[in-house]
Amino acid sequence: MAGRKVFDFIKITGKLPKAVRADFGGLRSKYESSNASIAALPSALESIDWSFYSSRVGNPALVEDFKAKYAAVTIPRPEDTESAAIGAAEASFKTEMAEYLTGAEARIAQFEATLAALHAEKPMEDMTVSEYLADKPELRARIELILNQGLCRLQLQ
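Numbers in the numbering used here are just positions in the sequence shown, counted from 1, shifted up by 43.
It should be emphasised that the hints constitute simulated quantities derived from the structure, not laboratory data. Be careful, since some hints might not be right.
Here are the simulated EDC-like pairs of lysine to aspartate or glutamate, each with C-alpha atoms no more than 20 Å apart in a straight line [claimed, not checked]:
#, residue 1, residue 2
1, K179, D169
2, K112, D92
3, K112, D123
The calculated label-pair distances, taken between Cβ atoms and stated as ranges, are [claimed, not checked]:
#, residue 1, residue 2, range
4, T56, A128, 56 to 62 Å
5, N102, I129, 33 to 39 Å
6, A104, F67, 57 to 63 Å
Predicted, not measured: the structure shown is a model, and the values here were computed from it. The C-beta atom is built at its ideal place from N, Cα and C for all residues, glycine as well.
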């Protein structure tokens, strides 16, 4: 079974949500039972003792005919047409994930900078409305618009 992938089911199960772990356990047991039955098969067919049949059958020409027909039988192995497509999809997915992770790292840095700016601000309890709106011109403009429309009686200083 060289060249076959070995799955780390414990690692995969640890990454799954609890709601689907039971279904995954069923899939795992089906996989393991199928794998065990395939492993139990011999790697090559047992050879047929044609001399035994020639000595037992009354017509040796009949055995020779069966032997020739048996030798002519070939079972075609299906062509692997999907491995290249799967490999390409895997490479594409890895590229997409690398780009996503790069973008995620940039977003994390942006969020950390925003969080640092928020921590650097004066505490809300010690801040006046004017101080709060000083570095938020778009919010100040929106509030002034509401005040100018007469929807509120307050005034900003």
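Which earlier hints can't be squared with this structure? The structure breaks hints 3, 4, 5; every other hint is satisfied.
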